[in-house]
Amino acid sequence: MSQSPTSVPDDLPMDGLIRVRDDDPDRHEAYLIAPAVQNHAANLMSLRDGDLGCVWFGGTQEGVSDISIWFSRLQKGADTWSTPARLSDDMTRSEQNPVLFPTPAGELWLLYTAQHAGNQDTAEVRRRISRDDGQTWGPVHTLFPATSRGGVFVRQPVLVLPSGRWLLPVFNCVTTPGRRWVGDRDTSSLMISDDEGRTWREQLVPESTGCVHMNVHLLADGTLLALFRSRWADSIYASRSADEGVTWSAPAATELPNNNSSIQYVTLRDGRLALVFNASSAADATERRVSLYDEVDDDGLAETPASPAEQEPAPAGSDERTAFWGAPRAPMTLALSDDGGRTWPIRRDLEVGDGYCLTNNSRDGLNREFSYPSIQETADGDLHIAFTYHRRVIKYVRVRPEWAAHAAGS
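Sequential numbering from 1 applies to the sequence shown in full-length UniProt numbering.
To be clear, the hints were calculated from the coordinates, so they are not data collected in a lab.
Keep in mind that a hint or two might mislead.
What the hints assert, rightly or not - Computed spacing ranges between beta-carbons, pair by pair:
id	residue 1	residue 2	range
1	D89	R179	30 to 38 Å
2	T286	R240	34 to 42 Å
3	T176	P206	15 to 23 Å
4	G164	K76	25 to 33 Å
5	D26	R198	41 to 49 Å
6	Q135	A250	40 to 48 Å
7	D132	G77	36 to 44 Å
Quick reminder that beta carbons are idealized off the backbone N, C-alpha and C, glycines included.
Sequences are here, hints too, so could you generate the full structure?
Here it is as structure tokens:
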């Protein structure tokens, strides 16, 4: 249901301190220190020393050139996330979608994208390397440049297979001649390395137009499952591989909805899968926005919320589908599967609200989305989850898997 924009709360305790939730003693949560007006697209990663790392992008507004990558650390046994450190500073590009990767050799990689303004078809993937678990970082260099097809984006973590093969999911923001990028033709690929990242080859996912943010993990039976965000805002899609990522089935819709926003899952130690996602889709929207990015003024700030008008249509005579932007980005839901992702019978909401996201303008506090979740399981069996809270701050939640099986308040 459409609702008029209202301001979001301005009293959030954005101090990084982990607190027990008053109405739920089995849930711990924190709001990380917010270094910028807008903070979005968190990714969690377990680090070698037992710490937990969180990276995200922050600045004035997504697509503006002051958007940079930020990094905070939760030390093992600590109750407070550290003050964020800025890890990128290219003032000619918007730097987005960071991912941490602890390599088998002991390095910690930071991967992220860098694009011109809101033109995702100009994006390239950059890398920095730390040899002291994120305390200091080496220089920036481009790992994957934009291609003749368009920009290259990352969002999901690297998977290292038992054979030593590395799989890095990417998605291709495809250029449409004569039209601005809006996501209608985006596709997914895997970058595969068999020499610990020295060289890479691209494996296209067949029939993946509209399927992005490919998230890959190894299942108990030795096969690979990839889950995707849908540009059509209809369903989460799934694809499988039985040959270490060389060939993939065409992505097919699952029983779970998707709102053209990011998802993430992890394989638990007991073999089950744990997924965080928005349980909503275009079917829940009565309005839609023109594009991912608002019109901006000379200072890079949105003058007004994005219009809830229809997007520019595909050329006359085309059977091309169009990306749907503006479906509610709420609730934020945790789901469990015990059959390799074929069904997800256990679900519980982590956060509820109207999910208003018809603007990226964080300056005026109008956005109310819960989005771009990340999830990790640590050796103690805890689930650690981070996600965007109203585009103002990154929220962190810690629960046990069994939390999802209990109804709220029971």
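Verification of the hints:
The beta-carbon spacing between D89 and R179, approximately 32 Å, falls within the hinted interval of 30 to 38 Å. About 35 Å separates the C-beta atoms of T286 and R240, a value consistent with the hinted range of 34 to 42 Å. Taking 15 to 23 Å as the suggested C-beta distance range, the pair T176 and P206 conforms, at roughly 21 Å. Range check, G164 to K76: Cβ separation about 28 Å, and the 25 to 33 Å hint holds.
Judged by the Cβ atoms, the range 41 to 49 Å given for D26 and R198 holds: they are separated by roughly 45 Å. Taken as a hint, the range 40 to 48 Å holds for the pair Q135 and A250, whose Cβ atoms sit roughly 44 Å apart. Between D132 and G77 the CB atoms are about 20 Å apart, so this pair departs from the stated range of 36 to 44 Å.
In summary, the structure is inconsistent with hint 7 from the numbered list given earlier, while agreeing with all the others.
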